[in-house]
Structures are given as structure tokens and as C-alpha cells.
Amino acid sequence: VKITAVGTISIPKQFRKYLGIQKGDYVKVSIQGDTLILKRVNIS
Numbered sequence: 001v002k003i004t005a006v007g008t009i010s011i012p013k014q015f016r017k018y019l020g021i022q023k024g025d026y027v028k029v030s031i032q033g034d035t036l037i038l039k040r041v042n043i044s
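Residue numbering for the sequence shown follows this note's numbering, starting at 1 and increasing by one per position.
Because the hints were derived from the structure by calculation, they are not lab data.
Errors might be hidden in some of the hints.
The calculated lysine-lysine pairs, modelled on DSSO-like cross-linking and capped at a C-alpha distance of 27 Å, are [what the hints assert, rightly or not]:
# : residue 1 : residue 2
1 : 2         : 28
2 : 2         : 17
3 : 28        : 39
4 : 39        : 17
5 : 2         : 13
6 : 28        : 13
7 : 23        : 39
8 : 2         : 39
9 : 23        : 2
None of the values given here were measured: they were computed from a predicted structure.
Sequences are here, hints too, so could you generate the full structure?
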């Protein structure tokens with residue numbers, strides 16, 4: 001995964017499909033040591 005000049009990343013299709021993430025969904029971003037963690041969140 002490559003980071004663009006403005007810091008955007010693309011989540012690979014197989015990961016989005018596995019997590020059920022679609023266009024317009026939100027994810028929680030956190031850091032643990034040197035690892036970036038993305039978690040699917042449900043916003044009602």
C-alpha cells in the first residue's frame with residue numbers, strides 16, 4: 001500500500017470485503033507501537 005502526497009492510503013479490496021467496509025463507511029484509526037490499526041465502526 002502506497003501513501004499519497006496528502007497522506008491518503010487505499011485499503012485493498014480483499015480487506016474491505018472481509019471487514020464489510022464500503023464507500024462512505026467510517027473506521028477508527030489508532031496506533032499501537034509501530035502499528036497503525038483500522039477498525040470498522042457502526043455509526044447510527
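These are the hints, each one checked on the structure:
Between residue 2 and residue 28 the CA atoms are separated by roughly 20 Å; this keeps the pair inside 27 Å, and the hint holds. Between residue 2 and residue 17, the direct Cα distance comes to roughly 19 Å. Compliance with the 27 Å bound is thereby established for this hinted pair. Note on residue 28 and residue 39: the hinted pairing holds, with a Cα-Cα distance of about 5 Å set against a maximum of 27 Å. For the suggested pair residue 39 and residue 17, the alpha carbons sit about 13 Å apart, so the restraint of at most 27 Å is met.
Only pairs whose Cα atoms come within 27 Å are accepted, and residue 2 paired with residue 13 is accepted, the gap being roughly 14 Å. For the given pair, residue 28 sits about 18 Å from residue 13 by alpha-carbon distance, which is consistent with the 27 Å threshold. At most 27 Å may separate the alpha-carbon atoms for a hinted pair to count; residue 23 and residue 39 meet this at roughly 15 Å. For a cut-off of 27 Å, the pair hint linking residue 2 to residue 39 stands: about 19 Å separates their Cα positions.
In summary, the hint linking residue 23 to residue 2 is supported, as the alpha carbons are separated by about 19 Å, within the 27 Å threshold.
When held up to the earlier numbered hints, the structure conflicts with none and fits them all.
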